[in-house]
Amino acid sequence: MKRLTAAEVHAHKIAELGLDPEALDLTTAEGLAGALRRAASFLCPCSAASLVRAVVRPLRGLVPDLDRAQELVEATLEAMIAHGDVLEQPDVEGETSSSRVLLYAAPASFVARQSGLVILLGVASDHLSPLPAEMERRIQYVGHVRRMIPSAGEDLRTELRQLGLLELTFNDWLKGPARESASQHVAARDRSLDSVAPSRDIPGLLLLDSTRPVHYYRGRWVEPKAQTGRYVARRRQAYGADLWCYVQVRDGQPERMIDLPLRGSRWRGCDEAWHLQMALDAQRCSPQRFRITQSVGASVVLEFFSPVPAWARRRWDAIGEPVPSTSNLFAYRIPKTEIDEERRFARDTLWVEEFGANPQ
Numbered sequence: 088m089k090r091l092t093a094a095e096v097h098a099h100k101i102a103e104l105g106l107d108p109e110a111l112d113l114t115t116a117e118g119l120a121g122a123l124r125r126a127a128s129f130l131c132p133c134s135a136a137s138l139v140r141a142v143v144r145p146l147r148g149l150v151p152d153l154d155r156a157q158e159l160v161e162a163t164l165e166a167m168i169a170h171g172d173v174l175e176q177p178d179v180e181g182e183t184s185s186s187r188v189l190l191y192a193a194p195a196s197f198v199a200r201q202s203g204l205v206i207l208l209g210v211a212s213d214h215l216s217p218l219p220a221e222m223e224r225r226i227q228y229v230g231h232v233r234r235m236i237p238s239a240g241e242d243l244r245t246e247l248r249q250l251g252l253l254e255l256t257f258n259d260w261l262k263g264p265a266r267e268s269a270s271q272h273v274a275a276r277d278r279s280l281d282s283v284a285p286s287r288d289i290p291g292l293l294l295l296d297s298t299r300p301v302h303y304y305r306g307r308w309v310e311p312k313a314q315t316g317r318y319v320a321r322r323r324q325a326y327g328a329d330l331w332c333y334v335q336v337r338d339g340q341p342e343r344m345i346d347l348p349l350r351g352s353r354w355r356g357c358d359e360a361w362h363l364q365m366a367l368d369a370q371r372c373s374p375q376r377f378r379i380t381q382s383v384g385a386s387v388v389l390e391f392f393s394p395v396p397a398w399a400r401r402r403w404d405a406i407g408e409p410v411p412s413t414s415n416l417f418a419y420r421i422p423k424t425e426i427d428e429e430r431r432f433a434r435d436t437l438w439v440e441e442f443g444a445n446p447q
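Numbering (my numbering), first residue to last: 88 to 447.
Take the hints with a grain of salt, since some may be wrong.
Claimed, not checked - Below 25 Å or equal to it, Euclidean Cα-Cα: the simulated SDA-like pairs (lysine to any residue) are:
1) Lys262 - Gln227
2) Lys423 - Arg200
3) Lys262 - Glu429
To be clear, the hints were calculated from the coordinates, so they are not data collected in a lab.
Sequences are here, hints too, so could you generate the full structure?
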């Protein structure tokens, strides 16, 4: 019996996952995401470690660096959890309040954009895919993301529902904050800050200075000197990374402080801090900026000059691709058919304004 080469094994397994063996192998994000979805359909509910092991162990002898492969599998799984293919939930059969967290395969579902583009989510429990073969071939795989574009005159949403997929609204899937104005957002954080006792000594405090140019994020961080007002800030702690906070200072001396995230929040401290800074900048009539520039073919590039919360990046991961750039902090290549919806999202939810090139 002929012994298969590593390349042949890669091609065979990629084909089993319904992917293109000419373009992908088991070291690509697309291949690893497919393997994780397949393993999840058999193993979930299970721990993240169990799911990672199930994908990494068969790679022994097929990849040059198994440790590096495990890092890629872990990163891909983390992205899939954030995306909604796999769900993190407490172990419902645990005996204590500190029960471990298990992973559950999300049901096969989809989210439809205003343009008609569909984002596929979840795991089929008893098949490789809940879609018929002719529809399966139309899926676009980009990293851990799966997308479909409707054909002319096609009612793709109805077809997917008839095939048993659940439809999620875009807001339910994104799990972003409720819609509010920048002033409302700042006012809510100000009320929280007003309610705490004075904080006179805050070691290692750095302020995110709202008076400095919004297009150079790193240059906005300063040490307290003579500032008076309320600032997004970071403070040193004895162990671990610096903490995010919202602080009131007078003549450079701290008076009050609340840590971010706020108690009960489902977001990270940096996500709350960056969103609050966007609101503060907008309230000062000096909003942060984004730019849309022409790209190749039917795409444009969406460029940002300051960091944004993870729930905002999540939507761009789903519809676009990150691209490198030296003129901004981060950028995504996005289909032209999607950009009007992203303009509205940036203005209404992130309170940022567009400048620069605007392709027609």
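Problem set entry | Non-conforming hints, listed in increasing numerical order | Failing hints: none at all.
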